[in-house]
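S.K.: Letter by letter, the chains look like this.
There are 4 protein chains.
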Amino acid sequence: MREFENKKYWALILGGSSGLGLATAKKLAKHGLNICIVHRNPRMQQEAILREFEIIKKEGVEFKAFNSDAFKPEKRNEIIDTLKLSFGEENKIKTLVHSVAKGNLKPMVSVENNELKHDDFILTIQAMGISLYDWFKSIFDADLFAQDARVISFTSEGNTKAWQNYAAVSAAKVTLEAITRNIALEFAAHGIKANCIQAGVTDTASLRMIPGNEQIINHTLKRNPHKRLTTPEDVANAVYLLTKDEASWITGTIIPVDGGEHLR
Amino acid sequence: MREFENKKYWALILGGSSGLGLATAKKLAKHGLNICIVHRNPRMQQEAILREFEIIKKEGVEFKAFNSDAFKPEKRNEIIDTLKLSFGEENKIKTLVHSVAKGNLKPMVSVENNELKHDDFILTIQAMGISLYDWFKSIFDADLFAQDARVISFTSEGNTKAWQNYAAVSAAKVTLEAITRNIALEFAAHGIKANCIQAGVTDTASLRMIPGNEQIINHTLKRNPHKRLTTPEDVANAVYLLTKDEASWITGTIIPVDGGEHLR
Amino acid sequence: MREFENKKYWALILGGSSGLGLATAKKLAKHGLNICIVHRNPRMQQEAILREFEIIKKEGVEFKAFNSDAFKPEKRNEIIDTLKLSFGEENKIKTLVHSVAKGNLKPMVSVENNELKHDDFILTIQAMGISLYDWFKSIFDADLFAQDARVISFTSEGNTKAWQNYAAVSAAKVTLEAITRNIALEFAAHGIKANCIQAGVTDTASLRMIPGNEQIINHTLKRNPHKRLTTPEDVANAVYLLTKDEASWITGTIIPVDGGEHLR
Amino acid sequence: MREFENKKYWALILGGSSGLGLATAKKLAKHGLNICIVHRNPRMQQEAILREFEIIKKEGVEFKAFNSDAFKPEKRNEIIDTLKLSFGEENKIKTLVHSVAKGNLKPMVSVENNELKHDDFILTIQAMGISLYDWFKSIFDADLFAQDARVISFTSEGNTKAWQNYAAVSAAKVTLEAITRNIALEFAAHGIKANCIQAGVTDTASLRMIPGNEQIINHTLKRNPHKRLTTPEDVANAVYLLTKDEASWITGTIIPVDGGEHLR
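Residue numbers (numbering that gives the first Met the number 0), protein chains in the order written: chain A, 0 to 263; chain B, 0 to 263; chain C, 0 to 263; chain D, 0 to 263.
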């Protein structure tokens, strides 16, 4: 029997239709966690996404997906209410995964009219940072967390580095980390463990959309001691490890999952 | 002659009417920097503040103060315009100091109706974090920075720690640090150096307003290797050091100024 | 079937007769790893230790123990030769665990005649730091590592903090970390992954021997968000996670395993 | 009058005949500190070194130099005794600077017969790490430190990174940092402040001797936000800042002095 089978455990994955989030959904389903994905995609991508979701369902776990704007409080409440209803007394969220990539990449100074503005910071910090707290709190208030639940968010080396155009995302990532740390502290009495995974440069659609990504990729291939990019599956593996019972004393940390990329 | 005398250098201090900001104004004035303070105080405090400002003026430097809401773009623009006009071609801002303490201290979970909300994060991050970027950018765009200018912001050990009620301020501090780092990077070509000072627990009016501050103070007196709190003057001294020519290769750093408090 | 059963994988545990090392041996044996323990104990403790070893053997794995001075090159070579011979072609070391606690706790300044000396640093750094390299290198040179092998060493928060009497151990711990990082880098091409676990204050015999340990324990019970000490089993669990296939992209890191103790 | 003139303050600089140490001597002499240099150079370099020393003497400060093996206890005691005698009651050491570069750069694994060995770690850690403690302690025990004295040591980004061939130096640097932190803690009651400066890649003779230094230099020129290497004078400037009265609340820190190189 699989590890989490018959436990009526769910993973709720914000941003689970692609990249790290989708790989995480597949990995956790393989070990028997039921999967709830919240995502936001235009209709034209829907078909491809449904094919991915079929792969998850084939693991024989329960599966729900909401294509919805996860940043609107009323949409969030709707989803939480739906889950509450369908979960009954026994189903609970074991792992909340925050895999939201929606930020503004702009320079602080530029001759073109695309400089980073106050509102770019706000929007990026809300989407990639504070949304973790919003969802976490709604789930907690609805009493949907399992005993010994896990909160896992994804950060990057931009938490201590500074990269051209990355200021707003950097601020969002460190905000996400601060929120994760405070959840680890303030909800310790409720058995919740919260950690960040600091992924290396990962081969995703998001990466391919960053201007100059070929240069980033080439530099990473040289820099990484294992001479390859991080894959979504590498990160999903780490989420799985952190979900296991044996990880219950690990909380409030930032764990690099990057094949040693941070070493140089 | 004093170090910065006759250079027509100014320090612009956001939050300069008390605490770290005021001490910094006094210290820099002593060395010949002209002082511009932006602050926000109710009328009943005005008299006491004016007495402090008199001390600064006695150093024989030029002095301006704006009692104004520094977070409103139109107020900011007004002040910048006023400075631009009065500065002429020769006066420039050598040091921009961000000493804004205006955050929401609330628990993430509580039986009382005072839990931390989405908007608490936004307001605190705007006031204590993003406002540095807003002011920095307005000054830069108005061409008011001196050659080899300095940007200095104040952070706390809450950048890696988690304290009850401190989540929003923690998020604001790490945002402030991220912005400071990106300024250091993206404006290096413009000669600007940007650093954070991580003050120890400092004896200020702000500290006295934190619930449970006596306990914080007692713990700090035991913990600090030098068995005293940090004073505003300790921090002002560090701002002065970072303003000196000899500090021009120090940028993008977070420097603890705490008598070694972070060591245990 | 158990996870590592029939793989002919071994864990070699330096300092495996008590505390973190022993708990690790038990945990890994439970999942089917064969166990080799190198330890150094006087005869009077031997009986109690053998009882512990019986518990490991009951897991049905192969077991070897060497009561020997692990810091002497000739003893090390003897043990490696013995393993080489008995392992044949198929048995390999999957996980090398360094759990050596043998350091000098002395003050830098004291009126008594017990001040920290040059040789205290040397001996402590050799025993708790460089010995990892010595063993690692001997095993590597003897071609005893499995594919995708793991090196795991134990550090403490004393890597960034400073505690009275702890200077030599602190130096040894950061040396151990530096060696672990360089192994992660320089042996990446050989598939080896190396990480440090930063345990919280752990309830072990070693802790009880530190002067003032009651005070450390009381402080920790207040400080730890989960209001208990770290147990050897907490740490053993983390070693197990890092040994799993899913951890193969985690290398060169320092992972706190402390229930969030480092957060405040 | 110069800042430290007539105070009978000395700077003792270990490794002061070249690079960071020599630049520091010149800078501190310029501000009126008397200079004592301990160095180890072969006779053939003596003439060039004496020319450098003449530059220091021209500042009109007192000057002593000892060409001696600073790592031998008897040589150290001899020098301390000589200073003690000549200092009388009034002369004191204000700043102790550790600028010793003498380490083994070897790979952990290599087909050539030049692999890093146990003794390489020991020798490098002794020379570049523990020697700070030896000298510090001898000076302290001889009561030669001034009130509010400063201990300053030089580290590198290799304290958290891993570079090929750098393992022993990395271990020595983190040992040096650990010692510096414990001095900051354990001698706080004696008014001593201890800090590390983390220099960027600096253009020195030591750098030019590292195999592959052209590549390091080229990479640094691209990476550094200010597009130049760190100079010995940049670092000397920071030592000067840390020696000033205004730095007396800064202790136990690691301060990057690298033009923001660590940011990316």
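Treat each hint with caution, since some may be false.
What the hints assert, rightly or not - Under the rule of at most 25 Å between Cα atoms (straight-line distance), these lysine to any residue pairs were calculated in the SDA-like manner: (1) A:K71 with A:E156; (2) A:K226 with D:H117; (3) A:K226 with C:L49; (4) D:K105 with C:H189; (5) B:K101 with A:K226; (6) B:K105 with A:N76.
Said to hold, decoys possible - Here are a few chain C residues that sit away from chain B, every Cβ distance over 12 Å (derived from the structure): (7) R1; (8) E2; (9) R39; (10) E51; (11) N66; (12) D118; (13) D133; (14) L143; (15) E156; (16) T159; (17) Q163; (18) E213; (19) D244; (20) H261; (21) R263.
Claimed, not checked - To give an idea of the chain A side of the interface with chain B (calculated C-beta under 8 Å), a few residues: (22) A100; (23) L104; (24) K105; (25) V110; (26) E111; (27) Y132; (28) A161; (29) S169; (30) A183; (31) L184; (32) G251.
It is worth saying that the hints were derived from the structure and are not from the lab.
Beta carbons: idealized from backbone N, C-alpha and C, even for Gly.
S.K.: All hints are to be evaluated individually against the structure, with a verdict given for each.
M.R.: So, going through the hints one by one against the coordinates:
Proximity of K71 of chain A to E156 of chain A is assessed by CA-CA distance (about 29 Å); at most 25 Å being required, the pair is judged violated. For the proposed pair K226 of chain A and H117 of chain D, the alpha carbon gap of about 29 Å is over 25 Å, so the pair is violated. Note on K226 of chain A and L49 of chain C: the hinted pairing is violated, with a Cα-Cα distance of about 45 Å set against a maximum of 25 Å. For a cut-off of 25 Å, the pair hint linking K105 of chain D to H189 of chain C stands: about 18 Å separates their Cα positions.
Taking the CA atoms of K101 of chain B and K226 of chain A, the gap is near 46 Å; set against the 25 Å cutoff, the hint is violated. With a C-alpha separation of about 23 Å, the suggested pair K105 of chain B and N76 of chain A falls inside the 25 Å cut-off, and the hint holds. At the 12 Å boundary, the C-beta of R1 of chain C stays outside the reach of chain B, the nearest C-beta of that chain being 38 Å off. For E2 of chain C, the requirement that its beta carbon stay farther than 12 Å from each beta carbon of chain B is met, with the minimum near 34 Å.
Chain B leaves R39 of chain C outside its interface by the beta-carbon criterion, the shortest separation being 31 Å against a cut-off of 12 Å. No beta-carbon of chain B is positioned within 12 Å of the beta-carbon of E51 of chain C; the least distance is around 34 Å. Every Cβ of chain B is farther than 12 Å from the Cβ of N66 of chain C; the closest lies at roughly 37 Å, confirming the non-interface assignment. Against the 12 Å criterion, D118 of chain C stays outside the reach of chain B, whose nearest CB is about 25 Å from its own CB.
Residue placement check: D133 of chain C keeps its beta carbon more than 12 Å from all beta carbons of chain B (closest about 31 Å). Remark: the non-interface label on L143 of chain C is consistent with the geometry, its nearest Cβ contact in chain B lying 39 Å away (cut-off 12 Å). At roughly 9 Å, the least C-beta separation between E156 of chain C and chain B is not larger than 12 Å, which violates its mark as non-interface. Not every Cβ of chain B is farther than 12 Å from the Cβ of T159 of chain C; the closest lies at roughly 8 Å, contradicting the non-interface assignment.
Some Cβ of chain B comes within 12 Å of the Cβ of Q163 of chain C; the nearest lies about 9 Å off, and the non-interface call is violated. For E213 of chain C, the condition that its CB be more than 12 Å from all CB atoms of chain B holds, with the nearest at approximately 17 Å. Annotated as non-interface, D244 of chain C keeps its C-beta farther than 12 Å from every C-beta of chain B; the closest such distance is 31 Å. With 12 Å as the threshold on Cβ separation, the claim that H261 of chain C sits away from chain B is violated: the shortest Cβ distance comes to roughly 8 Å.
Some Cβ of chain B comes within 12 Å of the Cβ of R263 of chain C; the nearest lies about 5 Å off, and the non-interface call is violated. The beta carbon of A100 of chain A comes no nearer than 17 Å to any beta carbon in chain B, farther than 8 Å, and the hint placing it at the interface is violated. With a cut of 8 Å, the hint placing L104 of chain A at the interface with chain B is violated, because the nearest CB-to-CB distance is about 12 Å. A hinted interface residue such as K105 of chain A counts as satisfied when its beta carbon comes closer than 8 Å to some beta carbon of chain B; here the least separation is about 11 Å, so the hint is violated.
The interface hint given for V110 of chain A is violated, since its Cβ lies 12 Å from the closest Cβ of chain B, which is over the 8 Å cut-off. Evaluation of the E111 of chain A hint against chain B yields a violated restraint, the C-beta minimum of about 14 Å exceeding 8 Å. This hint holds: Y132 of chain A has a C-beta 7 Å from the nearest C-beta of chain B, less than the 8 Å allowed. About 4 Å separates the beta-carbon of A161 of chain A from the nearest beta-carbon of chain B, less than 8 Å, and the hint is met.
Taking 8 Å as the C-beta cut-off, the interface hint given for S169 of chain A holds, the closest approach to chain B being about 4 Å. For A183 of chain A, the suggested interface contact is upheld, since its CB lies about 6 Å from the closest CB of chain B, less than 8 Å. A cut of 8 Å between beta carbons decides the hint on L184 of chain A: the least distance to chain B is about 4 Å, and the hint holds. The interface hint given for G251 of chain A is met, as the beta carbon of that residue sits about 6 Å from the closest beta carbon of chain B, less than 8 Å.
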